[in-house]
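Trainee: Read top to bottom, the protein sequences are chains A and B. Read in our numbering, the first sequence has 890 at position 30, and its numbers run on one by one without any break. Read in our numbering, the second sequence has 20 at position 12, and its numbers run on one by one without any break.
Certain hints may be false.
[Claimed, not checked] Calculated pairs, DSS-like style, for lysine-lysine (alpha carbon to alpha carbon, straight line, at most 27 Å):
| id | chain 1 | residue 1 | chain 2 | residue 2 |
| --- | --- | --- | --- | --- |
| 1 | B | Lys19 | A | Lys1029 |
| 2 | B | Lys125 | B | Lys41 |
| 3 | A | Lys1029 | B | Lys125 |
The set of hints was computed from the structure by calculation and includes no laboratory data.
The lines below spell out each chain.
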Amino acid sequence: MNFTPPPIPTDAPILAATTTATTTSSHAHADPTVAAAVAQPVGAVPTIVAAETMGTATTGAQGQEPQLTDEQILTQMQAIKDEEANLHPLVDRSVDLLELAQEYENGSETFKTKIQNLSDTHDRMRRSRGDGNCFYRAFAFAWFERVMLAIKSKPELHATAVRTIEETKDLLLAAQFELLAFEDFYQVTLETLQNLVHYTSDELLTAFQNDEISNSIVMHFRLVASAFLKTHQDEYAPFLEFGQTMDEFCSMHVEAMGRESEEMMLIALTKATHISIEVAYLSGNQSAVEVNFLPFLPDTAVYMPPLVLLYRPGHYDILYRKSHCLEGVI
Amino acid sequence: MFARRLSKELKDLALNAPAGVNIIDANDFKVWKLGLAGAPGTLYEGEKFQLEFNFGPNYPLESPQVLFIGDNVPVHPHIYSNGHICLDVLYNHWSPVQTVASICLSLQSMLSSCTSKEPPPDNATYVKTARANPKHTTWAFHDDTV
Chain A
861 MNFTPPPIPT
871 DAPILAATTT
881 ATTTSSHAHA
891 DPTVAAAVAQ
901 PVGAVPTIVA
911 AETMGTATTG
921 AQGQEPQLTD
931 EQILTQMQAI
941 KDEEANLHPL
951 VDRSVDLLEL
961 AQEYENGSET
971 FKTKIQNLSD
981 THDRMRRSRG
991 DGNCFYRAFA
1001 FAWFERVMLA
1011 IKSKPELHAT
1021 AVRTIEETKD
1031 LLLAAQFELL
1041 AFEDFYQVTL
1051 ETLQNLVHYT
1061 SDELLTAFQN
1071 DEISNSIVMH
1081 FRLVASAFLK
1091 THQDEYAPFL
1101 EFGQTMDEFC
1111 SMHVEAMGRE
1121 SEEMMLIALT
1131 KATHISIEVA
1141 YLSGNQSAVE
1151 VNFLPFLPDT
1161 AVYMPPLVLL
1171 YRPGHYDILY
1181 RKSHCLEGVI
Chain B
9 MFARRLSKEL
19 KDLALNAPAG
29 VNIIDANDFK
39 VWKLGLAGAP
49 GTLYEGEKFQ
59 LEFNFGPNYP
69 LESPQVLFIG
79 DNVPVHPHIY
89 SNGHICLDVL
99 YNHWSPVQTV
109 ASICLSLQSM
119 LSSCTSKEPP
129 PDNATYVKTA
139 RANPKHTTWA
149 FHDDTV
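Next comes chain A alone, as it looks inside the complex (with noise of 0.2 Å):
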């Protein structure tokens, strides 16, 4: 089965976007009768369920869903994923930051306005696909094209990034994870990284946009930020709702496709990567004109400029700063 999310601009955040209603019985396990395999936590009582991973027609309101087999409903799931895949690539070409602007244009002001004012220091932006998986993919695109184009200027960048995914297997290893359950991910990002030494631009982007490299890519870095957290349970399972374990939050919210991620994970992979991140937060908020950055910092030494990440509400993209951008001057 296929469940590709639905056709959104951003990332549905969790458990907090749509929801559709369901009712069951207070004794029931299962309602037979809505098309998706979401669920609500133990204990709880089934009325209301986050429609996070869900996304087609038949998931509508309770009682008006027509009856599709589960061949129809994988018909359209296709269609859906297929339409998706046209209108907006895992990961797109840069783009002119004034672009994206245009999409405010008949919108909020606040946008506009800091939109205008992050142009100074910023020319442009790369859209990542908003399938719940665009912080993991952002963060592994700038990451390795940062990494490419100082391959000449400063292959010591690359020597680095090699060494750090390679000791990233190690980290696996060690959060009990099977090599045989990780190891196609794992060899597929470093094979990526490797190719780095002769890849343009084109095919860097080439290898993003298919669907096998660049979700494998994905996936394989939201082992290492599950496998930072579960190697750091002390520190970081405070911060989990109450009676949730590590293994728990990292099976539902980190390790499965389509999640979104939180601060949480950004922080668990800058840190398992040393690779320091800026978002730009770009928010609704209309008492300040300049967009906010806010740094997560890796704990050793910071070596290369951080990558900067644009982040909408539910959405990040990649945003190029205007002295980054040039070859050569990473």
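Guided by the hints, dock chain B onto chain A, whose structure is given.
Mentor: Frame of chain A, contents of chain B only:
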């Protein structure tokens, strides 16, 4: 690549399958049939069950469809008589680091911890209305103690 993962899992299962688990039929990377034996000292001792795993093209990024098939479906508060299984790791707690072997272990432990062989309370209504694919059901995991 995803076929590569399954071929590794198959090799691993052939060499060291969890106790009570055996491969009945795994000729392609779409559908596998596995045997699951009730563990000694449990309510299911001596019983033999059959599991069917259906792998979509995105396995292991997405969970396989897993159900009990055949004449003998375990009578268990979380297993419907149509073979559908109410187990969180098969649905919203799925993580790509799960494997066929780890699912079998989870099922084995679900059976072993059972204290009373009873069908789910809503079995009759559920099996009448459920789709063939249990992943099309909205599962509510409100009791993980049995």
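Trainee: Against each hint, give a clear statement of whether it holds in the structure.
Mentor: Cross-check of the supplied hints:
{"no.": "1", "hint": "B:Lys19 x A:Lys1029", "verdict": "22 Å, holds"}
{"no.": "2", "hint": "B:Lys125 x B:Lys41", "verdict": "24 Å, holds"}
{"no.": "3", "hint": "A:Lys1029 x B:Lys125", "verdict": "43 Å, violated"}
Hint compliance for this structure: hint 3 alone is broken.
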